[in-house]
Amino acid sequence: MGPVTAAASLEVSGLAFAYPDGHQALFGVDFSIGRGERVALLGPNGAGKTTLVLHLNGILSGGAGTVTVAGLPVGKRHMAEIRRRVGIVFQDPDDQLFMPTVREDVAFGPAAAGLKGAELDARVRAALDQVGMAGFAERPPHHLSFGQRRRVAVATVLAMEPEILVLDEPSSNLDPASRRELADILRSLDVTVLMVTHDLPYALELCPRALILSDGTIAADGPTGQLLADEGLMRAHRLELPFGFDPRAATAGRQEV
Amino acid sequence: MHVPDGFIDAPTSAVTGLVAAGALAVSLRGARRELDERTAPLAGLVAAFIFAVQMLNFPVAAGTSGHLLGGALAAILVGPCTGVLCVSVVLLMQGILFADGGLTALGVNITDMALVTTVVAYVVFRGLVKVLPRGRRSVTAAAFVAALLSVPAAAVAFTLLYAVGGTTDVAIGKVATAMIGVHVLIGLGEAAITALTVGAVIAVRPDLVYGARGLRQRLKLRVNGELVDAPASAPVPVAARTSRRALWITGLAASVVLAGFVSFYASADPDGLEKVAHDHGIDAKAEEHAAAGSPLADYGVRDVSDARLSGGLAGVIGVGATVAAGSGVFWAVRRRRTGAPSEAR
Amino acid sequence: MGAGHAHRLYRHAHSPVHALPPHTKLAAVLAFVVVVVSTPRTAMWAFGLYAVLLACVAHQARVPASFVLRRLLIEVPFVAFAVLLPFVAQGERVDVLGLSLSVNGLWGAWNVLAKGTLGVAASVLLAATTELRELLLGLQRLRLPPLLVQIASFMIRYGDVITDEMRRMRIARESRGFEARGVRHWGVLAKSAGALFIRSYERGERVHLAMVSRGYDGSMPVIDEVTASRAQWTRALALPSSALVVCLLGWVL
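Residue numbers (my numbering), protein chains in the order written: chain A, 5 to 261; chain B, 993 to 1337; chain C, 1179 to 1431.
Treat the hints as calculated values from the structure; they're not laboratory data. C-beta: ideal position from N, C-alpha, C; glycine also. Incorrect hints may appear among the rest.
[Claimed, not checked] Derived list of chain C stretches under chain B, where covered just means 3 residues or more per stretch with a C-beta under 8 angstroms from a C-beta of chain B:
id: 1; stretch: 1196-1203
id: 2; stretch: 1240-1254
id: 3; stretch: 1266-1273
id: 4; stretch: 1320-1331
id: 5; stretch: 1370-1383
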């Protein structure tokens, strides 16, 4: 359906998964994301979004189907490489920032991949610069504001120079200013982005294309504005726009993001 | 109960240091077995939890309050190895950061508060869970007894260490009476809080209570319309299974020895107990954690407070508790005897 | 939220003591305390000299005396215990102000007080001049099992987060009119503790996921390496060495 370039960043096909307790969360998910695309993954609570995300870097596996990252199948064989290429930013930055200082936290991923010394420092600096947090390198993460912590969390992943950036609810708990700052940062990045969110206006603002995950399958795939404007589709999958928000009006004034 | 420097002589401190190091080595390996590469984050978070929960005040009566020591709770919730590890890390950090407990006494403190408490609690708990009827209430009851015994057990261990390496000649009987008497009281509080907390966890996430793993229902599969037991996916903790009898016997022995110890001194020297309970009002300290910012910042001196309970009452409660615990164990033995054939599979 | 930097035990300053590598300081403090504990209790002057040595260090580190003295309060429960000793210990007795006290007990009390106080003071100075982060690096450098250091650093990292959660739960309880006043309310408090455990554990699981996602395989990558020059070791060990001299004199004299 969507535009698939020759080297897709992420390709998911026929993915099905049940938890050990028997609860089945994914029932055959198929989609593909081309290099450099920014795609929103929308879906109601319990649709299987988090389960899907955890498959992208092999934390969950064992069901049916395949996930391929830049041509590399996700599996035991290339686990380290896969985890370097797929950068997941989790919802709660406190979970993600587990080291005593911002600098060490950003360095964790590249250091685990074997980087050392000046090269490591350069990588950390570059990642912090990208999110505008270079001045906070020596601070302990828990002394930062929530928005700052989220930005550092993005930096920890950027430092690994990933093929694809996966963000789980990036706009949650952010005030409008932090929200906009994060959006600016994400727009400035030159990587493939998959953004898992409930925040439909944010998805519309940042992602030209959207997927709707519902009941463990992809229910729709298309331009974000078009999907959000389809009231029947939205209602069928328990997706609601904020009061007074009109996706047509929001996109009318501009050509492309 | 954090022992400072100079309380126990150098050779004994060194020996307990070795014991502590050995215990840590064993529990590091054990924890890795229990949690594999999740050890560091999980044990770290549990240690942080214990650290935090030690600051949770449980008001006893107007103005006074006590808090949890956490050894028994850790053992029951995350297993003996991880439990020893977490409490030891808490003690280590308290010693280095807050000067709470001497550096040369770290061995004594770890042996006493991390090792003895946790292991005794776990052994007693496991033993009781095995013999009591399956169910949540039994787990809570077992947690109560385990925590109750774990605190005086630490007191006994301390007394023994003091007998070997104490720097002052105090009649060992007096030390024992003082330590055990007071700690039976503290143990009661610890037991109530631990049991309630374990009960609260088991009501929501029974899978997180390490000590009650065996109680989970087997999964069922529907095969041709009939329910069939699913093949056990999560292996039952092997150690607990094989050494069930050993665990149980050790637990019983420990309880009996403890019970004997306490009642002996309590009955032989009621005045002593009374006096100690009184004197140890010194152990009491009201404190204020309230809304202060960082926990590290307002870490104060703390200990259980109980000045209000007079000596006489203390004696009665102490003996009563021991008798209750003892008969609980006895009752458990009887139950086990009668229940054994049906339970054998 | 407005918690200051690091912990309140740490006093930020640029002193020669602050500048020493953490593992040398840890080793020095440990050696010092061992020496103190091994000193015969009858050599009272030796303990005076130890106190002077610590005072010199405190002066070097620009830690005011009042700060150290305040932190010494942590010792109070054992001071109380020490005060009891002369009354309960056995052996020959003397009369002081009409009280019959045991000579041995008096020595014992002195022993506990002197050694305990010096130990606490030394630890307080260590904590006052070394940041948490550095302490962990120092422990790592001193060959503590890496897993133990990792656990300790997670504990430090999340201690604040979890205590904060505990505080929010308390505020939530109180906002709904609950105030724990006695044993009757233990059930509610214990429920909070249980909930706190579940949250901590689940957070641990999420942290693990985040670590694995960034290539963690059971061992921490080495990011900072602390090293100490010979000169730094010499400076750090000046304290325990001079203490050792005092201690030997104490045994000989």
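If you test the structure against every hint from before, which numbers come out violated?
1
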